[in-house]
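K.L.:
What follows is the residue order along each chain.
Number of protein chains: 2
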Amino acid sequence: MHMNEKGLSEKEIFSYLEHVKSEDTDYYKVLSSMCTRPHKIAVEAHRMFIEANLGDLGLFAGAHRLEREVVMMLGELLHAQSVNAQSAETPSGRPGEGSIYGYLTTGGTESNIQAVRGMKNLATAGKKIVGTPNIVIPESAHFSFDKVANMMGIEVKRALLDSEFKVDIVSVKSLIDANTIGLVGIAGTTEFGQIDPIEKLSKLALDNELFLHIDAAFGGFVIPFLENPQPFDFKVPGVTSIAIDPHKMGLSTIPSGALLFRSPSFLDSLRVSTPYLTTKAQFTLTGTRSGASAAATYAVMKHLGREGYRKNVQYCMQLTEKLVKGARKLGFEPLIEPIMNVVALRVPNPDLVREQLLKRFGWNVSITRNPRSLRLVLMPHNTARDIEEFLQDLKKITAEI
Amino acid sequence: MHMNEKGLSEKEIFSYLEHVKSEDTDYYKVLSSMCTRPHKIAVEAHRMFIEANLGDLGLFAGAHRLEREVVMMLGELLHAQSVNAQSAETPSGRPGEGSIYGYLTTGGTESNIQAVRGMKNLATAGKKIVGTPNIVIPESAHFSFDKVANMMGIEVKRALLDSEFKVDIVSVKSLIDANTIGLVGIAGTTEFGQIDPIEKLSKLALDNELFLHIDAAFGGFVIPFLENPQPFDFKVPGVTSIAIDPHKMGLSTIPSGALLFRSPSFLDSLRVSTPYLTTKAQFTLTGTRSGASAAATYAVMKHLGREGYRKNVQYCMQLTEKLVKGARKLGFEPLIEPIMNVVALRVPNPDLVREQLLKRFGWNVSITRNPRSLRLVLMPHNTARDIEEFLQDLKKITAEI
Numbered sequence: 444m445h446m447n448e449k450g451l452s453e454k455e456i457f458s459y460l461e462h463v464k465s466e467d468t469d470y471y472k473v474l475s476s477m478c479t480r481p482h483k484i485a486v487e488a489h490r491m492f493i494e495a496n497l498g499d500l501g502l503f504a505g506a507h508r509l510e511r512e513v514v515m516m517l518g519e520l521l522h523a524q525s526v527n528a529q530s531a532e533t534p535s536g537r538p539g540e541g542s543i544y545g546y547l548t549t550g551g552t553e554s555n556i557q558a559v560r561g562m563k564n565l566a567t568a569g570k571k572i573v574g575t576p577n578i579v580i581p582e583s584a585h586f587s588f589d590k591v592a593n594m595m596g597i598e599v600k601r602a603l604l605d606s607e608f609k610v611d612i613v614s615v616k617s618l619i620d621a622n623t624i625g626l627v628g629i630a631g632t633t634e635f636g637q638i639d640p641i642e643k644l645s646k647l648a649l650d651n652e653l654f655l656h657i658d659a660a661f662g663g664f665v666i667p668f669l670e671n672p673q674p675f676d677f678k679v680p681g682v683t684s685i686a687i688d689p690h691k692m693g694l695s696t697i698p699s700g701a702l703l704f705r706s707p708s709f710l711d712s713l714r715v716s717t718p719y720l721t722t723k724a725q726f727t728l729t730g731t732r733s734g735a736s737a738a739a740t741y742a743v744m745k746h747l748g749r750e751g752y753r754k755n756v757q758y759c760m761q762l763t764e765k766l767v768k769g770a771r772k773l774g775f776e777p778l779i780e781p782i783m784n785v786v787a788l789r790v791p792n793p794d795l796v797r798e799q800l801l802k803r804f805g806w807n808v809s810i811t812r813n814p815r816s817l818r819l820v821l822m823p824h825n826t827a828r829d830i831e832e833f834l835q836d837l838k839k840i841t842a843e844i
Numbered sequence: 444m445h446m447n448e449k450g451l452s453e454k455e456i457f458s459y460l461e462h463v464k465s466e467d468t469d470y471y472k473v474l475s476s477m478c479t480r481p482h483k484i485a486v487e488a489h490r491m492f493i494e495a496n497l498g499d500l501g502l503f504a505g506a507h508r509l510e511r512e513v514v515m516m517l518g519e520l521l522h523a524q525s526v527n528a529q530s531a532e533t534p535s536g537r538p539g540e541g542s543i544y545g546y547l548t549t550g551g552t553e554s555n556i557q558a559v560r561g562m563k564n565l566a567t568a569g570k571k572i573v574g575t576p577n578i579v580i581p582e583s584a585h586f587s588f589d590k591v592a593n594m595m596g597i598e599v600k601r602a603l604l605d606s607e608f609k610v611d612i613v614s615v616k617s618l619i620d621a622n623t624i625g626l627v628g629i630a631g632t633t634e635f636g637q638i639d640p641i642e643k644l645s646k647l648a649l650d651n652e653l654f655l656h657i658d659a660a661f662g663g664f665v666i667p668f669l670e671n672p673q674p675f676d677f678k679v680p681g682v683t684s685i686a687i688d689p690h691k692m693g694l695s696t697i698p699s700g701a702l703l704f705r706s707p708s709f710l711d712s713l714r715v716s717t718p719y720l721t722t723k724a725q726f727t728l729t730g731t732r733s734g735a736s737a738a739a740t741y742a743v744m745k746h747l748g749r750e751g752y753r754k755n756v757q758y759c760m761q762l763t764e765k766l767v768k769g770a771r772k773l774g775f776e777p778l779i780e781p782i783m784n785v786v787a788l789r790v791p792n793p794d795l796v797r798e799q800l801l802k803r804f805g806w807n808v809s810i811t812r813n814p815r816s817l818r819l820v821l822m823p824h825n826t827a828r829d830i831e832e833f834l835q836d837l838k839k840i841t842a843e844i
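Chains A and B supply the protein sequences, listed in that same order. Take 444 as the starting number for the first sequence in the working numbering and just add one per residue. Take 444 as the starting number for the second sequence in the working numbering and just add one per residue.
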């Protein structure tokens, strides 16, 4: 593959791209991903703002307005409203000025990195840390925290899970020491779709004057639309920051993540000066960043409304119930009663089953680590018919091995 | 701005988006940005692969192929070919498998962060660092290195510049100590468009067994297409990694950056395990990431070819010469004879001139820090007519203040 001296024609290029695209899944028979096809209106809005660069806000005042509006809508969704009302002072130049404090990230990993970076900056500025600062996260935390641990020069301690795969509060408590700066709770774990006991984590955080970051990258667009949502957001007093990904269950385009803070001081702690731009400071991890994503997220959130997202979650939960019911008929129990649209299924020899499902029938499923089980995410791109077909294929394979 | 219970219609949303978009610049009268309108073919290819997630390579084999091909083309552009030929073993699962080692990032900031993270991981694994590891960067380095310094738990030392705003080798040398792990050189500084003496940095790096990262985020798509390109890439033996941004002079869509390594060990040092994906490891900073950008970059690179980029650079250099010539007629000298399409212009009271240019005539220009001068980037979105108009407006303003 070379860059030739002479360029190729559009026709030649798109004919090759069509061919290459046929190798992508298009999400058909995908039961392993927390992403899905973006909503049509998100794709159109993305296209419309394709050239907007949120790294240079002064040039893209329109895209910046959309970012602020999305951050406000997300803040409202996550019950940060009362916080705003309290903040009389809103220094200029902040992405979330006059509203929720936060910004649109490239996704959960950046949000988690930046939340921990904020903790570290505030904690080391505020109190005397003698050794290496540390944070306590659940054993179930996403692998992005391995990146945090590797980058940030802080220690990442992993608390045990209880029998329901929620973080064990006793274990968290036992790991807190003089150098602990913050805790992390997960609202929608990647493997089990479980929600940690956020209120208990909040109490621990408040008692020990620690930051509490909630990774709701997946759950943020699920939990608020469940019939009996568990508390996980800014309504819980100790929660200081939340990661939520519009490009997962928010049905927006990649890259669309968001990081929201309870307090402006948190965002301030991420400030670097930007001498040659139209603005004076930047709080984001990346420099140049997509305004198209802000427009896409704005469009899909306004178009669906709460009602649309509720329907979306109901649909996925119906598929989830259908799958669990069918699996039980085959004699396979889920590890936990699903809280959201993630199922961990106890099957014999899950690794072999996974391999066979892909090889023989084209199903993409994944595996939980401990215990090893079949992990299935029921997304808007799946259909009831898919689930029936999947159950038949699962039956065939498990009967033979 | 609320997320309503009921969603709005497409028509309502796009009518609002049209209104908001009018607040963006569309790059008209923008002389301050290193980004530009993406090429039409990049936009179309981006749209075509909008749902592809390079964070889950097994599901998107097509988009992954495009990423590998882009990385190979970039490696070829940056003279990494000879390296490939030497690498007999190519362990599986690497983004750049069988070719150049690297991957597509969200842009220069991620590339710079990851390059330094790789240095840190390799250096601390290899030799005994007693104190805090440090890197030596030029005073002219982009502000993304402030983020590196803040995140990474390493010290960032800044070397002085010479009279031409290149990094001063004597200053770099004086800052190297037992804890130094790497050097950074800039090929196309943000403020002056200057190129550091990469061959001298290379000698220093080799003599002291240090990594040498080149930030060619802007210059990577300029320098190879200049009439007499200065050595800055893998042809220079000490260069271990390069950042290059297709979303700047590469005319691709946002987010399109790239990080290339001389050796696979570098990429390996960024590895984290990815238990629940279709692949086993991830080397990237972000998790979910845009396959659309890979397709966009592929399309524009193949469509333009070397000839197309050469014409693009020639066009920008002609605008640059026109601007400098016109400025000289007004009595304003550039701080250095432009190397690429960036001009730092010595005018009286540059901050006031900048303000007036925007306020009275709508020109977006920026300011260099030290010394303060008018900074102008001549991009493909600018025209010869724009430059004439700009010079007239500059004349009016400088005559009055």
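Quick caveat, the hints were computed from the structure, so don't treat them as lab data. What you are looking at is a predicted structure, and each value in this text was computed from that prediction instead of being measured. One or more hints might be untrue.
One copy or two, it doesn't matter: identical chains are merged, so the pair holds either way.
Calculated lysine to any residue pairs in the SDA-like style (CA-CA distance at most 20 angstroms, straight line) [what the hints assert, rightly or not]:
1. Lys723 <-> Glu582
2. Lys449 <-> Ile779
3. Lys449 <-> Ser708
4. Lys772 <-> Asp711
5. Lys646 <-> Arg828
6. Lys768 <-> Glu780
7. Lys464 <-> Met491
8. Lys643 <-> Glu764
9. Lys616 <-> Met446
10. Lys768 <-> Thr567
11. Lys472 <-> Leu603
12. Lys472 <-> Thr575
13. Lys839 <-> Leu604
14. Lys464 <-> Lys643
15. Lys765 <-> Ala621
16. Lys643 <-> Gly501
K.L.:
Would you mind marking each hint as holding or not holding in the structure?
P.N.:
Status of each hint after checking the structure:
Taking CA atoms no more than 20 angstroms apart as the test, lysine 723 paired with glutamate 582 passes between copies only; the shortest distance there is 19 angstroms, against 39 angstroms inside one copy. In this assembly of identical chains, the alpha carbons of lysine 449 and isoleucine 779 never lie at most 20 angstroms apart, being 59 angstroms within a copy and 33 angstroms across copies at closest. Taking CA atoms no more than 20 angstroms apart as the test, lysine 449 paired with serine 708 passes in neither setting, with 53 angstroms inside one copy and 34 angstroms between copies. When the C-alpha separation of lysine 772 and aspartate 711 is checked against a cutoff of 20 angstroms, the pair qualifies neither within a copy, at 54 angstroms, nor between copies, at 45 angstroms.
For the homomeric pair lysine 646 and arginine 828, neither the shortest alpha-carbon distance inside one copy (45 angstroms) nor that between copies (64 angstroms) is at most 20 angstroms. In this assembly of identical chains, lysine 768 and glutamate 780 lie within 20 angstroms of each other by CA distance solely inside one copy; the values are 11 angstroms within and 73 angstroms between copies. Proximity of lysine 464 and methionine 491 under a CA criterion of 20 angstroms is satisfied inter-copy only: 8 angstroms between copies versus 23 angstroms inside one chain copy. In the homo-oligomer, the alpha carbons of lysine 643 and glutamate 764 never lie at most 20 angstroms apart, since the shortest distance is 29 angstroms inside one protomer and 65 angstroms across protomers.
Neither within a single protomer nor between protomers do lysine 616 and methionine 446 lie at most 20 angstroms apart by alpha-carbon distance, with minima of 57 angstroms and 38 angstroms respectively. Within a single copy, lysine 768 and threonine 567 get their C-alpha atoms no closer than 51 angstroms, and across copies no closer than 52 angstroms, so neither meets the 20 angstroms cut-off. In this assembly of identical chains, lysine 472 and leucine 603 lie within 20 angstroms of each other by CA distance neither inside one copy nor across copies; the values are 33 angstroms within and 57 angstroms between. Taking the closest pair of Cα atoms, lysine 472 and threonine 575 never come within 20 angstroms of each other, the shortest separation being 46 angstroms inside a single copy and 49 angstroms across copies.
Within a single copy, lysine 839 and leucine 604 get their C-alpha atoms no closer than 34 angstroms, and across copies no closer than 70 angstroms, so neither meets the 20 angstroms cut-off. With identical chains, the CA atoms of lysine 464 and lysine 643 are never at most 20 angstroms apart, being 47 angstroms at best within one copy and 45 angstroms at best between copies. For a Cα distance limit of 20 angstroms, the shortest separation of lysine 765 from alanine 621 qualifies neither inside one copy, at 48 angstroms, nor across copies, at 63 angstroms. Taking the closest pair of Cα atoms, lysine 643 and glycine 501 never come within 20 angstroms of each other, the shortest separation being 43 angstroms inside a single copy and 38 angstroms across copies.
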